[in-house]
Each structure stands twice: as structure tokens, then as C-alpha cells.
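Participant: Here are the chains, one letter per residue:
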Amino acid sequence: MSKLNSSSSELDLDRPNIEDYLPTDSLHEPSGKLRLRDLLDNSPTLTEAAGAIVDDSFTRCFKSNPPEPWNWNVYLFPLWCLGVVVRYGILFPVRVLVLTLGWIIFLSSYIPVHLLLKGHEKLRKKLERCLVELICSFFVASWTGVVKYHGPRPSRRPKQVFVANHTSMIDFIILEQMTAFAVIMQKHPGWVGLLQSTVFESIGCIWFNRSEAKDREIVARKLREHVEGADNNPLLIFPEGTCVNNHYTVMFKKGAFELGSTVCPIAIKYNKIFVDAFWNSRKQSFTMHLLQLMTSWAVVCDVWYLEPQNLKPGETPIEFAERVRDIISVRAGLKKVPWDGYLKYSRPSPKHRERKQQGFAETVLRRLEE
Amino acid sequence: MGNASSMLTQYDIEEVQHHCNNLFSQQEIVSLYQRFCQLDRTAKGFISADEFLSVPEFALNPLSQRLLRMVDGLNFKDFVAFLSAFSAKASMPQKIELIFKVYDSDYNGKVTFNDILDVLRDLTGGFMTDKQREILYKPGLKMDVEIPVD
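Chains A and B, in that order, are what the protein sequence lines are. Quick note on numbering: UniProt numbering labels position 309 of the first sequence as 309, and the sequence is numbered without any gaps. Quick note on numbering: UniProt numbering labels position 133 of the second sequence as 133, and the sequence is numbered without any gaps.
Just chain B, with the same shape it has in the complex (with noise of 0.2 angstroms):
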């Protein structure tokens, strides 16, 4: 809470912006940290799953789960290093690589058709039957954009 930045010195927030590739000023840096004291009620030095939930914005959405495993338990300089993806710097590979890690839940590397049929089963729950999911099988949609498949 209040006297978190006194507790950063310009060492660490020079270790932390190195280690998110520069992605985050430094005043962006002892902000986000104001908020991980904030988030972490008892100064784990971390932020529990359930710490997560308790904002409730966060709670409500779809791809709450899937976040929460990549982000549950990280400390402050993997939290940074995480968060960096979402900033307005970041390269589009970096974002794409989060975007696929989101689809990937089993950790394997690969992205397969029934990775992708579950996260759209997340984003729509009870309001599309599987049925209507298997529209991507449909040869009508327009393949836009290329998933890399690392």
C-alpha cells in the first residue's frame, strides 16, 4: 500500500525494465508495482489465484482461467515481463506468442483444432451448441491471418 515505492530502489527497476525488454518506463514500473503491493494482500511476494478473482472485472472475464494459470504465482519481474505483452510496444510476434500460448493449454508446443474449438467454447459458454462451433470448418470463412505454429 502506501510506502511501496520507497521500497524499490532504482536497482530493481532498472532489473525489471531490462528484463521486459525495455517495454515499460520506469514510472510505468513503480506504478505496477504500487498495484502488485496492492493485489498481493500478504506480501507473498506474489499474487495468489484467488487474489486474481477478488477483482471482480477480471473475474467476470471468459479467459479468466487461461490467464490465471500463466500469471498465478509470478513475481513482480515475471508479472512485468507478462503484462509487457499487452503494452502498446510490444511487437506483433510477442503478442501473437501470447495469444498462442492462450490457445495452447496443454503446454505441447502446438496448437490443434480442438485447442482452438475449446477456447471458443470459453468465450461463448452456454449460448453456442458444438454443433454451431464446427463453423470452422466452414470452407466459406476467409483465412486472414496465419497462426505460426512454433
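Just chain A, with the same shape it has in the complex (with noise of 0.2 angstroms):
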């Protein structure tokens, strides 16, 4: 009787596993006697290879989509160059004047009220909601952003979370704006960095690092004292754990599914016709990202707030992350792809390989006692 070793690679808890989400790979069920010719012959694995190559549905996730240039004619050039000139040189001008008024208003009211309330918690914590939402609904509007909200609006209670598909950081202003989250998000360097450690920690938001390996169970019990809490603003976390270009969803993180409390989803979808909303981190910082979002026509979108789902009886929190996956990308017409949104910072672990090699070598050592 021949006897497999199992993986000697240790399992990765957090990362989701692969092979659970996707079928079995019968890529090759071959029968029957083993011949020399099934041994020697690898162009199933090659041509795999050679496909990935060619085209794979990773990379599709990450790819920018930059308008497609139209103006080289007679009179649509200079139709496009008026067009330029009124994105740079007039509503330019005026979003950031918006922007600027909007932020002395914010700053003037909240130092005062984070400083002088110290005593008055409840009420402290309420304007500095309000505020927070109208720091953000001026940030819409310096994109002169147009957001259909859909749906009942997050009520607060306890035991419930909140979880979107994400595109760019201006999705958790787009949703700030109407409902105070606290959210989980990457640390950032940067004056992003500065506003995460003053005015966002005061609305209950929670830090992460990606490259720290110890991070995760600080952050997961973090995530679980937040939910408790009932005087808690709701949660909001990202389940892709990094920007997706808003037609495909890469796996959900467990994470958020896994604390026992209610999963309400929220899908985002935005308009391309107007502009690429999609942050590609690694081609752009954030603040080139929103210039480049002051000087477009607008940035409209679709956001849903969908049905909430509870963990159903028998189901792992994989497969409960999986269906909410399901129910946003159906809703807001995104594909899904297999793949750890991690994987864009680093290599997939050998246990991918080692299933697939795991296969083969069963295949070929049961068709031997035929």
C-alpha cells in the first residue's frame, strides 16, 4: 500500500484556503491502466502555465482602466481642451475652496468640542459624529460626487457589522457621509496617518499593519470588544483587505465573519463613464488620487445597503463569507476570482502548490494498483 505524506508547510489560519472555494480540480481524470506516455506527458501543466501567463484573473483585479482618449479630431479637440479647462481652471478652484471651508468649519467646531466636552461623554461623542459626517459629505462634494444610497440606513445596535467591497479609501467617506462609522483600516503614513490618529480614533477606528504577523490577533480581539460594546458606532471593515478596480472581488478575509454578531452588506459600484475611481496604491499616492478625483467631471456611484445575514446553522465562516461575497458582487455586477487580495504583496504559500502536486501524485499511484 503506498502512503502519502501530508503538507509539511504549516497552515496559514488567517489566510482563507484556496482549495475551499474552489471545486476540485479534475482538470485531468484519466482511467485505466497507467501508461510511460501519461508520465512523461506534462502539457496539461505547462499549458497552465503558459495560460497564466497569457491571462490570469489576478491581475484583471488590478488593473487601472484610463479613459480612452477620443479628442484627436478637428472639433472635438477643441471641445476637450474647453473641457480641460474648465475641469483645472474653474471647478478646480472652487472644490478646493469647498474643501478649505469645509475643514476650517470642521477643525473650528471639533478642537473646541473634543477639548472643552471632556466631562459630557455622550453628548461629546454625538457632535463629534455629526462633525465627522460633515467633514466627509464635504469631501463628496469637493468630487462633486452624485451617490445613490439604496436600502434602510445602518441603524446602530450592537452586535452588528458592517461589510463593503472596496475600491479606493473614498469609499469609506462616501459611506461616512451618511452614517458614522468606525472602521478598520491599514495604518498610512502621511497626513492620512495624522487624521487616522486624531479624528478617527475618536469615532472608535481601529489600526492595523499589514506587514506586522503578531497584528492580526491584536486586531481580531480589538474587533470583538468593538462589537460587544453598545455604545460602540457600527463597525465597517473591508473583507478584501486592499483596493480591487470595482469589476471583480477578490476573497473575503474571515475575519469579520467570525464574531458572532450580524453581517449587514453594503455594495459600492461606481459610475466609470465619469471617472476611473479605482485607487491603484501602488501607481499613486492618495493625494494624487484625489486631485486626480477633483479634476474630473464627478464621481458617481450605487451604494446598496443589503439584507443583513446571520451565520446559518452547519456553516464554516468561510462559507458565510463566501455567500455575503456572493450577494455583493451579484448586486453590484462584479466577477468574482479566487484569489487572497494579499497576494499582491506577496508570494502564494507552497501549500498551493503542494495540493495540486498532492494530486497528481495520487492520481498516478492509484491508477499504478490497477
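To be clear, the hints were calculated from the coordinates, so they are not data collected in a lab. Hints are not guaranteed to be accurate.
Partial list, computed: chain A residues near chain B (C-beta under 8 angstroms) [said to hold, decoys possible]:
no.: 1; residue: S43
no.: 2; residue: D55
no.: 3; residue: D56
no.: 4; residue: K356
No farther apart than 27 angstroms at their CA atoms in a straight line, the calculated lysine-lysine pairs in the DSS-like style are these [said to hold, decoys possible]:
no.: 5; chain 1: A; residue 1: K63; chain 2: B; residue 2: K101
no.: 6; chain 1: A; residue 1: K159; chain 2: A; residue 2: K187
no.: 7; chain 1: A; residue 1: K272; chain 2: A; residue 2: K335
no.: 8; chain 1: B; residue 1: K77; chain 2: A; residue 2: K63
no.: 9; chain 1: A; residue 1: K344; chain 2: A; residue 2: K312
no.: 10; chain 1: A; residue 1: K118; chain 2: A; residue 2: K63
no.: 11; chain 1: B; residue 1: K44; chain 2: A; residue 2: K344
no.: 12; chain 1: A; residue 1: K283; chain 2: A; residue 2: K63
no.: 13; chain 1: B; residue 1: K44; chain 2: A; residue 2: K283
no.: 14; chain 1: A; residue 1: K351; chain 2: A; residue 2: K214
no.: 15; chain 1: A; residue 1: K187; chain 2: A; residue 2: K214
no.: 16; chain 1: A; residue 1: K187; chain 2: A; residue 2: K63
From the derived model, a few chain B residues whose C-beta atoms are all more than 10 angstroms from chain A [claimed, not checked]:
no.: 17; residue: Y11
no.: 18; residue: R35
no.: 19; residue: S48
no.: 20; residue: D78
no.: 21; residue: D104
no.: 22; residue: Y107
Beta carbons: idealized from backbone N, C-alpha and C, even for Gly.
Quick one: dock chain against chain with the hints and give me the complex.
Facilitator: Rendered as C-alpha cells:
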């Protein structure tokens, strides 16, 4: 009898396991006696590799879609130039003004409230929430954001978590303008980081650092504590863990789905005719991204607040995450791909290759015995 | 990214097509060029091993290292020529030559029994012992295809 050794690499418990999502690989289910040619002919594997070189579903998720140039012609070109003049010369300064005004109002109200109302927690929290919603509305106005909200507005109840698909950091601003969520975000450097550690902390936001390993447990604990508290702002999580280009969804991390609370999905879809809202963090900084938005005509998007979901009896958190991802993808018209978003930053773990190797080895040994 | 096809002239496309023996249509070559530019993130004119491995589907393929040796650092013309072996229109000898090159890891033009064992080791990883791999010695296995040893 042949005995197969089990995989020697340790299980990465936090990363979702690709094989749980993909159907079992039945690429080649040959039967019958094992022939030498089956061992020597590795063309299926080679073809798979060449297929991945030519096109693969992971890279497609992070492809920006720059607008096609359409202005190379006598009458369109002057029109386009006029458009550029209007956008950069008129709209942009007006928007900068609006934003500056918003910041002045915000800071002149927030700082006093934060410092002077130290004793009156409830009132202070309420005012801070309203002010954060206000500054987010100013941000949205600064890109001429046209946001259509569908569905019942989020309510403040304990034991509930909101999840949404992620295209850019502006997702957070768009959602925040309607409800002051406490969000869990990657800690950023620069002025964003400064904002994070001052204003956003006061509404209960949680930070994580992708590069630190121990960080995950700490964050998981903080999440659980936040959800239990009745006074805390509703928690918003982007389970993809990274920005995706609003045509696809990558696998959801299960952290949000094992907190024992109701999960309320939110689907966000941007209208690409006006601007491509995907923030390709490898290609531009957030400031450049904001400037790009502020010099476009408008940011148009739809936000759907979908029906809250609970873990069904007998369902694992991963299945729950996949089910919610399904709901969001269908609503926003996005395609699902079975990849972990963090593969943007690291190589796939050897576990996946070992699965392939195991499959091949088992097939060979099984047929050997026939 | 976006304006890739405007950088390829008709002459370039025809030259590349000739180099791969007309196995790809001109439209396919344009698409391959867009893909090439997408993978070659720093616009060096070739794709480095690291950039190939950033495609997860490629990185988890058991034969990726062998293919990487053959495709690392190729310019676009040679990249298309390499991929032409996978085209449906490629001849059987051309496909066999590719498989041969995958086996022949020391480039001496010969595929030895150890080379075959090495590839089998790549394909099965830790799930087969060396003893089990030596079923290749087993007399009961039918020889169905001959690999030409040029």
C-alpha cells in the first residue's frame, strides 16, 4: 500500500484556503492502466502555466482602466480642451475652496468640542459623529459626488458588523457621510495617518499593520471588543483587505465573519463613464488620487445597503464569507475570483502548489494499483 | 498599460509574426504586447523572474521554475516565439521540442533517466517517495510515445 505524507508546510490559519473555494481540480481524470506516456507528458501542466502567463484572473483585478483618448480630431479636440480648462481652471479651484471651507468649519468646531466637552461623554460623542459626517460630506462635494443610496440606512445596534467591497479609500468617505462608522483600516503614513490618529480614533476606528504578523490577533481581539460594546459606532470592515478595481471581488477574509454578530453587506459600484475611482496604490499616492478625482467631472456611484445576514447553522465562517461575497458581487455586478487580495504583496504559500502535487501523485499511484 | 498598441507599428507586428512562423494572428500579437507591457511593470523591455512570479497562478504551478529558466529575460519577439509552441496551430515536433527542453535541465541536448525523475519529483513534491517514482523502471508500463533524443 502506498502511504502519502501530509503537507509539511504549516497551515496559515488567517489566510483563506483557496481550495475551500475552488471546486476540486478535476483537470485530468484519466482512468485505465497507467502508461509511460502519462508520466512523461506534462503538457497539461505546461499549458496551465502558459495560460497564466498570457492572462490570469488575479492581475485583471488590479488593472486600472484609464479613459480612452477620444479627442484626436478637428472639432472634438477644441471641445476637449475647453473641458480641460473648465475642469482645471474653474471646477478645481471652486472645489479646493469648498474643501478648505469645510476643513475650517470642521476644525473650528471639532477642536473645541473635543477639548471642552471632556466631561459630557455622550454629548461629545454625538457632536463628534455629526462633525465627521459633515467633513465627509464636504469631501464628497469636492469631487461633485453623486451618490445614490439604496436600502434602509444603517442603524446603531450592538452585535452587528458592516462589510463592503473595496475600490479606494473614498469608499470609506462615501459611506461615512451617511453614517459615522468606526472603520478598520491599514495605518497610512503622511497626512492621512495624522487624520487617522486624531479624528478617526475618536469615533472608534481600529488600525492594523499588514506587515506585522502578531498584529492579527491583536486586531481580532479589538474587533470583538468593539462589537460587544453597545455605545460604539457601527463597525465597518472591508474584508477584501485591499483595493480592487470595481470589476471583480477577491476573496473575503474571514475575520469579520467569525465575530458572532450579524453581518450587513454593503455593495458599492462606481460609474466609470465619469471617472475610474479605483485607487491603484502601487501607481499613485492617495493625494494624487484625490487630485485626480477633484479634476474630473464627477464621481457617480451607487451604494446598496443589503439584507443583514447571520451565520447559518452548520456553516463555517469561510462559507459565510463566500455567501456574503456572492450577495455583494451580484448586487454590484462584479465578478468573483478565487484569489487572496494579499497576493498583491506576497507570493502564494507553498501549500497551494503542494495541493497540485498531491493531486497528481495520488492519481498516478491510484492508477498504478489498477 | 493603456497606450501599448500605439507603440507597435505594423512593421513591428509583421516582424514578430514572421519570427514566430505565423502561429499567431496580428490581433493576437497586439493582445500579447498589451499583456507583455502589463507584466513588465518597469518598462525594461523584458519581464523579470520576479514579475512572472507575481502572477499567483503561475507561481503555484509545479513546473514554474523550469519554464522560468526558459522565459526569463526574453524580449517581446522571443516571448511570442516561446508562447507560439502552445498555439493550437503549432506542429507536434515543435510541442515535443518544448517538452524536451523542459526535461533537459542541463542543456546538453540529452534527456537522461535522472532528468525524467527530476521532473517527476517537481510534479509530485513530497507526496511520492523516490522508491515510488522508480516505477518508471517497471516493466509492465506500456511505452506509448517515443521522445526523440536529438
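Participant: Each hint needs a verdict: does it hold in this structure or not?
Facilitator: Evaluation of the provided hints:
1. S43: Hint on S43/A: holds, closest Cβ of chain B at ~6 angstroms, below 8 angstroms.
2. D55: For D55/A, the interface hint holds, since the closest Cβ of chain B sits about 7 angstroms away, which is under 8 angstroms.
3. D56: Since the shortest Cβ distance to chain B is 4 angstroms, the answer is holds.
4. K356: Check passed: Cβ of K356/A comes within 6 angstroms of chain B, closer than 8 angstroms.
5. K63/A / K101/B: violated (33 angstroms)
6. K159/A / K187/A: OK: K159/A and K187/A at ~25 angstroms, within 27 angstroms.
7. K272/A / K335/A: With a Cα-Cα distance of about 16 angstroms, the restraint between K272/A and K335/A holds, given a limit of 27 angstroms.
8. K77/B / K63/A: Measuring from Cα to Cα gives roughly 24 angstroms; hence the hint holds.
9. K344/A / K312/A: Answer violated: K344/A to K312/A is near 32 angstroms, above 27 angstroms.
10. K118/A / K63/A: Violated. K118/A to K63/A sits at ~47 angstroms, over the 27 angstroms cutoff.
11. K44/B / K344/A: holds (21 angstroms)
12. K283/A / K63/A: holds (11 angstroms)
13. K44/B / K283/A: holds (17 angstroms)
14. K351/A / K214/A: Holds - the C-alpha atoms of K214/A and K351/A are around 21 angstroms apart, at most 27 angstroms.
15. K187/A / K214/A: Distance of about 15 angstroms is within 27 angstroms: holds.
16. K187/A / K63/A: At roughly 24 angstroms apart (the allowed maximum being 27 angstroms), K63/A and K187/A satisfy the hint.
17. Y11: Answer for Y11/B: holds, closest chain A Cβ roughly 22 angstroms.
18. R35: violated (6 angstroms)
19. S48: The claim holds: S48/B sits with its nearest Cβ about 13 angstroms from chain A, beyond 10 angstroms.
20. D78: D78/B is indeed farther than 10 angstroms from all Cβ atoms of chain A, at 13 angstroms.
21. D104: The assertion about D104/B holds, with a minimum of 13 angstroms to chain A.
22. Y107: Per Cβ check, Y107/B is outside 10 angstroms of chain A; nearest 18 angstroms; holds.
Checked against the numbered hints above, the structure violates hints 5, 9, 10, 18; every other hint is satisfied.
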